[in-house]
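Peer 1: Chains F and C, in that order, are what the protein sequence lines are.
Residues 1 to 273 in the numbering used here are what the first sequence lists, from first letter to last.
Residues 1 to 319 in the numbering used here are what the second sequence lists, from first letter to last.
Just so you know, not all the hints are guaranteed correct.
[As the list claims (entries may be wrong)] The calculated label-pair distances, taken between Cβ atoms and stated as ranges, are: (1) C:GLY169 with F:ALA17: 32 to 42 Å; (2) C:ASP206 with F:ALA43: 48 to 58 Å; (3) C:ARG217 with F:SER46: 51 to 61 Å.
Read the hints as simulated data drawn from the structure, not as lab findings.
Since the structure is predicted, the reported quantities are computational estimates derived from the model, not experimental observations.
Each residue gets a CB set at the ideal place from its N, CA and C atoms; glycine is no exception.
Next come the chains, spelled out residue by residue.
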Amino acid sequence: MKGGRGLVVTGVVLVAAMVLAAVAAPLLARYDPAAQGVGPVLAGPSAEHWFGTDRFGRDVASRLLHGGRTTLLATAAALVVVVAVGVVVGAVVAAAGAIVDRLARRLFDLLVAFPVMVVALALVGLWGPSLRTALTGALLVLWAPFARLSRALVRAALAEPLAVTARALGAGRWRLVRHEVWPRLRGPVLVLAAVESAQLIGVVAGLSFLGLGAQPPSPEWGAMLQEGRAALWSAPHLVFAPGLAVLTTVAGLTCIAEGLRDVLDRAGQAMPS
Amino acid sequence: MAVAVVRGVLTAAGLLAVASVLVFALVRAAPGDAVDVEFGESGVAAFLTPDEEAAARAARERQLGLDRSVPEQYLRWAYRIMRLDLGTSFRTGRPVADELAERLPASLALGCVGFLVALGVAWAVALVSARRPGGPVDHVLRVLSLTATAVPTFLLGSLSLRYAVEWVGYPVAGEASARRLWLPALVLGVGAMPVMARLLRASLIDEYGRPYAVAARIRGASWARVTLRHVLRPASTPLLTLAGLTLSTLVASSVLTEVIFSWPGVSEYAVAAIAAKDHPVVQAYLLLTVAVVVLVNRTVDVVQHLLDPRTARTTEAVA
Chain F
1 MKGGRGLVVT
11 GVVLVAAMVL
21 AAVAAPLLAR
31 YDPAAQGVGP
41 VLAGPSAEHW
51 FGTDRFGRDV
61 ASRLLHGGRT
71 TLLATAAALV
81 VVVAVGVVVG
91 AVVAAAGAIV
101 DRLARRLFDL
111 LVAFPVMVVA
121 LALVGLWGPS
131 LRTALTGALL
141 VLWAPFARLS
151 RALVRAALAE
161 PLAVTARALG
171 AGRWRLVRHE
181 VWPRLRGPVL
191 VLAAVESAQL
201 IGVVAGLSFL
211 GLGAQPPSPE
221 WGAMLQEGRA
231 ALWSAPHLVF
241 APGLAVLTTV
251 AGLTCIAEGL
261 RDVLDRAGQA
271 MPS
Chain C
1 MAVAVVRGVL
11 TAAGLLAVAS
21 VLVFALVRAA
31 PGDAVDVEFG
41 ESGVAAFLTP
51 DEEAAARAAR
61 ERQLGLDRSV
71 PEQYLRWAYR
81 IMRLDLGTSF
91 RTGRPVADEL
101 AERLPASLAL
111 GCVGFLVALG
121 VAWAVALVSA
131 RRPGGPVDHV
141 LRVLSLTATA
151 VPTFLLGSLS
161 LRYAVEWVGY
171 PVAGEASARR
181 LWLPALVLGV
191 GAMPVMARLL
201 RASLIDEYGR
211 PYAVAARIRG
221 ASWARVTLRH
231 VLRPASTPLL
241 TLAGLTLSTL
251 VASSVLTEVI
261 FSWPGVSEYA
271 VAAIAAKDHP
281 VVQAYLLLTV
291 AVVVLVNRTV
301 DVVQHLLDPR
311 TARTTEAVA
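Next up, chain F with everything else stripped away, as it sits in the complex (with noise of 0.2 Å):
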């Protein structure tokens, strides 16, 4: 069954679709994000606004597409933070001795059960809304599960007789990590990475939804939430848009990972759930 490839597929040309949005914002946006007054108060979509207007008549649909900037972006970036610190300490770990090695587990362990949603929302509570601070406390707990996934996978490639050969010929660290390591690592934190950016968009989106993530007025599209939330009950539309732009990014994302079990499953490769 070729369903993997499928999923994968669908949710590549949904990402893309996203990120080449936001990508061209200024080009495929009709209005100014900030102006004011570009169409009625509180409409609901239209020929000319597609996604309405917000209650300062703005264009909800511009917003959406300069929104996405700043969310796609920061989410990127947090998540290249995570992955490599993940890897690394998760690689370190690994070629270290028994009691680091046991001691490690159960840090990773404790972090890998405990909700992003929670750290985050104690930072804030410490430091004070913005979107940063709810991305640096979902980044204090989400590195543990690339640690832990890491470390596992580079333990099982070190012990394969493939690799044990290419050492006892001589093989230099380096190379061990590129011609054994890399390759057997490479899929599953690929898979792990779809999963965790899907929760840190959830995550900063829903914080924001609290009005204790991004800030209005930036046209960011948790900033957007929280303002669509005053409005739900007049103008649900608020809500509907920047969810949906959520929603997409979040299911290409997991379509994503899911085709790409599938797929790995498929080549014999575990993957650690």
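Got chain F; can you put chain C on it based on the hints?
Peer 2: Structure of chain C alone, referenced to chain F:
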């Protein structure tokens, strides 16, 4: 068995100790210590000369023990926490422990019902899709599950609230009651369901393919009988491995659902406190979550070990 339990308790204690250090460090690293906040909030500083203010601060710092060494401060802090003295809220002036205790039942009710909803739906989905894996029903359910994973809680929550009010007259405000519980529980359940459904589906398919199940089918046992009598139990044990993940999902989405539905639980209280930078409450909320997460995970670990002593080995090898 006793060994497993004792080990579980010891690990839990160790983890709680480590986690408490992390929480302490986080709270200490925050800008503005308790004295800053007190002087800032109360506006007392405006009536004092700089000298007087410095003296008052120093006195208060001594009183709070902030002039001692950091390890000593940690130990005193940990001692207070262990006696469940979580400080008083800046906002309400009441002991945080009391306020949390008042709100805990509502949160537990929501979490438990949400979990049961998730479990029920996951079972239904898994049973139906595992009957013909790869068939059209399986595909449709998979797409639905993926969608349920992707729908952000805030979107599902706020829209269902809006339309439930409009269509069935859902009561927006009020006490925690069954009439108000079902909708947030449903929202919570939908979010936690897909992961369980996927695992159950896989383990059901696995079990149906095993010789004992095939043999039962050949003997003429119906699908329902094979499922209920033979397959159901072994297929559901893997669910335990999801307990940690499910808990974390439930806690995270209950933050949003409680606020959206103004459900008088712990998270709703915490979010209000967080918006007001009420440090003692933030700290207590963090500690409470840590305690719940550690205890549940350790308990599951021990239970799993007791159910199947082999798992201790296999999880070690995989994770």
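Peer 1: Failing hints, ascending?
Peer 2: Hints that this structure does not satisfy do not exist here, as all of them hold.
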